[in-house]
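Chain by chain, the residues:
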Amino acid sequence: MNDFQWAPVGPPLPVSPPPLPPARVDFTGDRGDFRRLVTKGAALELVTFGFYRFWLVTDIRRHLWSNTSVNGDAAEYTGRAKELLLGFLFALAILVPIYLAYFLVTIEVERFQGFASTPLFISFYAFGQFAIYRARRYRLTRTVWRGVRFWMDGSGWAYSLRAMLWGLLVFLTLGLALPWREASLERYKMQHSHYGDLNGDFVGDGWTFFKRGWWLWLLSPVAIIIFPLAPFFYAEFKARQWRWWLSGIRIGGVSLESKLPHDAFYGLYWKVIGWTMLLSMALGMYVSICTALVVKLGGGSLEDVVGGDGFNSIPLLALTVIGYFAMALAFNIVMRVYLQRDLWAKVLETTHVHGIEAAANVRASGELASALGEGFADGLDVAGF
Amino acid sequence: MSDVSQPIAAAEQPPRIAIFFDGVTSRRREVTLALLDQLEIVETGEAAIRWAYADIRRADSPAGLLRLSCTSAPPLARLEVRDTQLASDIVTRCARLDEHRTSRRGVAKIVGWSVAAAASLVAVVLFGMPLAADRLAPLVPEALQQRIGDAAEVQVKAIFGGGVCNDPEGQAAFTKLVNRIRDAAGLDASVKSAVLPTSVPNAFALPGGKVYMLKGLLDRADNPDEVAGILAHEFGHLKHHDNMRGLIYNGGTSFLIGLLFGDVTGSSAVIFASRSVVEASYSRDAEQAADTFAIEMMHALGRSPKPAAELMYRITGKEGGKGITILASHPLTEDRLARMTKEDQPPSGPPLLTAQEWKALKGICGGSGKV
Ligand SMILES: [Zn+2]
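Protein sequence lines, in the order shown, are assigned to chains A and B.
Numbering-wise, the first sequence is residues 1 to 385 according to the working numbering.
Numbering-wise, the second sequence is residues 1001 to 1371 according to the working numbering.
Think of the hints as simulated: they come from the structure by calculation, not from any bench.
Small disclaimer: the values here were computed from a predicted structure and weren't measured.
Watch out, some of these pointers could steer you wrong.
[Unchecked claim] Where chain B lies over chain A, by a calculated footprint (3+ residues, C-beta under 8 angstroms):
#1 42-51
#2 66-80
#3 184-193
#4 211-224
#5 282-290
[What the hints assert, rightly or not] Here are the computed distance ranges between Cβ atoms for each label pair:
#6 A:339 - B:1063: 20 to 30 angstroms
#7 B:1046 - A:215: 52 to 62 angstroms
#8 B:1100 - A:31: 25 to 35 angstroms
#9 B:1354 - A:315: 34 to 44 angstroms
#10 B:1084 - A:155: 25 to 35 angstroms
#11 A:31 - B:1088: 19 to 29 angstroms
#12 A:315 - B:1316: 21 to 31 angstroms
#13 B:1108 - A:28: 23 to 33 angstroms
All residues carry an ideal CB built from backbone N, CA and C; glycine is no exception.
Starting from the given sequences, assemble the full structure and let the hints guide the process.
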């Protein structure tokens, strides 16, 4: 056995000076494994009234991370579900008094002006942005490659302030400023991201993003009118966004490049829509069969069972609720398989890494972050990259 | 290495090669392993690193790769073994390799705890929240109730076009009617009421002692007893602190139910549905109690409660058979009519308003009242 036999994946370590070919990013996860993982997870989520979500999310990330290899070395996700659960409980402990204070402030403000409290929603928006930053920070500090962690500094509140000011500008320009908002916020995030002692940066600029997507912005009213076009538009937008985002990422001397085709996601979104339609049809059929059965067994007329604007029969109501849950479960599986796993795999197979040799001997550094941000994101229902 | 037999003696073994990351730098180290009484990790030119087998744990890895960590080494130190024979040799020596993973029992524990948590949340929603609302509502400071009422009033007036009906004679008649019921109800003079100029046929009470009657209701009424019964019902809500109870109850249950379902369905449909059912049943109880109160008041005034129910029936018509009854926030109007009819009795007291005053009340919003 010679020295190279242990490494069937990836080229042997280069020893000669440049030019070097870009390093490959591979996704080796088995689709069947992932499907089984999310199926079991969705079922457990259902019987635990959703509490299993912390474990499921963690398992999904562990699967995706550990099957992602850069230059032949697989990454690892070291976050654990208990951290997420704890983060959620902490976030609750903070959010509950805020909800209460919000309620009291609303009363005070409403007393002087009807409906004037709407701007107070802004404070929740601020919290949401804070959550997005801190959640990214948590995920990053749990990402390990070659035995060294990524980590992040910077302030969630400073980020939140930026996000709000940019949000205002986007609102005032009817969305035209969106590319510049994305660029600025990503720059803040990446400039505070690190891999060991390498510092991150983001070189993507708003103008490039704008040039890639302006016509989508212009045509978006068309998609609203002609519904079947909407998924195409969204898939186009997402693909362009991913490509622009990945290509802008720098970590020390390492740079990412994405060759994601603009039509990469068409299939995925259409599959999700197809499945959704199929599932809705199945639910419709199930409910009609149940109705027929209840009418037949109960001996009443259709009018008695489904009268006016709802159901009058408790068994039928229960059967419908069960059907609804089953559909929600199936829908969750479809979403996760196509829009998480398949999308991830598609994005990775078109990503290349240049200058990976800069990460050959990086010194570990940085602090672990708590899962508080994830808890907030869960409590406020926000999501971000 | 297909036909190489594996003698136990270390000296005879083929080189056991692996990749090692020491968890301090990202340098990829080619190492040879020696499976002695401890796992020895040797990099040429460096001191050997020893991992006790009992400290070795499995870390996540792609298929075809065994990745190990060690509880007594830096937390991110990783040893990666691709050779299947070598990997299985190591695995057999590490008794506690998978100890930290979520086992079947671990999952059962999660399910058990979640079900227990959900059951206690449901118990709190069904039994704890009504109790808390009943106990807390009377304790809410008058000033706070007043403020909530003021805030609601601003919104109400914004919805119904602002202003109250204030024809002087009509106002006098309305005040007389309200005062008679208020005195019978034992409520103090801080209770305020007014007629709002809108064609919606309804009446409602707000926290802090405010009762509003909408002009639409007055227009459909045929005699003072009909209006009085409905006002008495609203005073019942005030007397029972139903607004505050509802506020505490609804706020609490929606928070708890939201907590319970989290994002299991990714949609709020379930939350909305279960909230509606729970809250509707709670509000149905409050309405029953307010009806009871109205019946008592009308009897105390020597009048019948039946006309008020007749007015309601005239407005809503028959309600049964429309939609699910467990979702209705009020008892069905026909049931209320039946109940009030049972309580019907010939008037023993004087009319609440004279014919003159009644005419003035109908015209409180200006113009000659529609009859
Ligand atoms: Zn009522």
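Hints, one by one, checked against the model:
Under a criterion of three residues with beta carbons nearer than 8 angstroms to beta carbons of chain B, the stated coverage of the segment 42-51 of chain A is upheld, 8 such residues being counted. Residues of the segment 66-80 of chain A lying with their CB closer than 8 angstroms to a CB of chain B number 8, which satisfies the three-residue condition for coverage. For the segment 184-193 of chain A, the proposed coverage by chain B is not satisfied: 0 residues have a C-beta within less than 8 angstroms of a C-beta in that chain, short of the threshold of three. Counting residues of the segment 211-224 of chain A whose beta carbon lies closer than 8 angstroms to any beta carbon of chain B gives 0, which falls short of the minimum of three for the stated coverage.
Residues of the segment 282-290 of chain A lying with their CB closer than 8 angstroms to a CB of chain B number 0, which falls below the three-residue condition for coverage. Checked against the given bound of 20 to 30 angstroms, the beta carbons of residue 339 (chain A) and residue 1063 (chain B), roughly 23 angstroms apart, stay inside it. Between residue 1046 (chain B) and residue 215 (chain A) the C-beta distance comes to about 58 angstroms, which sits within the given range of 52 to 62 angstroms. Between residue 1100 (chain B) and residue 31 (chain A) the Cβ separation comes to about 27 angstroms, which falls inside the hinted range of 25 to 35 angstroms.
The supplied range of 34 to 44 angstroms is broken by residue 1354 (chain B) and residue 315 (chain A), whose beta-carbon atoms lie about 56 angstroms from each other. A C-beta distance of roughly 48 angstroms is found between residue 1084 (chain B) and residue 155 (chain A), which places it outside the suggested range of 25 to 35 angstroms. Range check, residue 31 (chain A) to residue 1088 (chain B): about 26 angstroms between beta-carbon atoms, so the 19 to 29 angstroms window is met. The hint said 21 to 31 angstroms for the Cβ distance between residue 315 (chain A) and residue 1316 (chain B), and at roughly 28 angstroms that hint holds.
Checked against the hint of 23 to 33 angstroms, the pair residue 1108 (chain B) and residue 28 (chain A) passes, with Cβ atoms roughly 31 angstroms apart.
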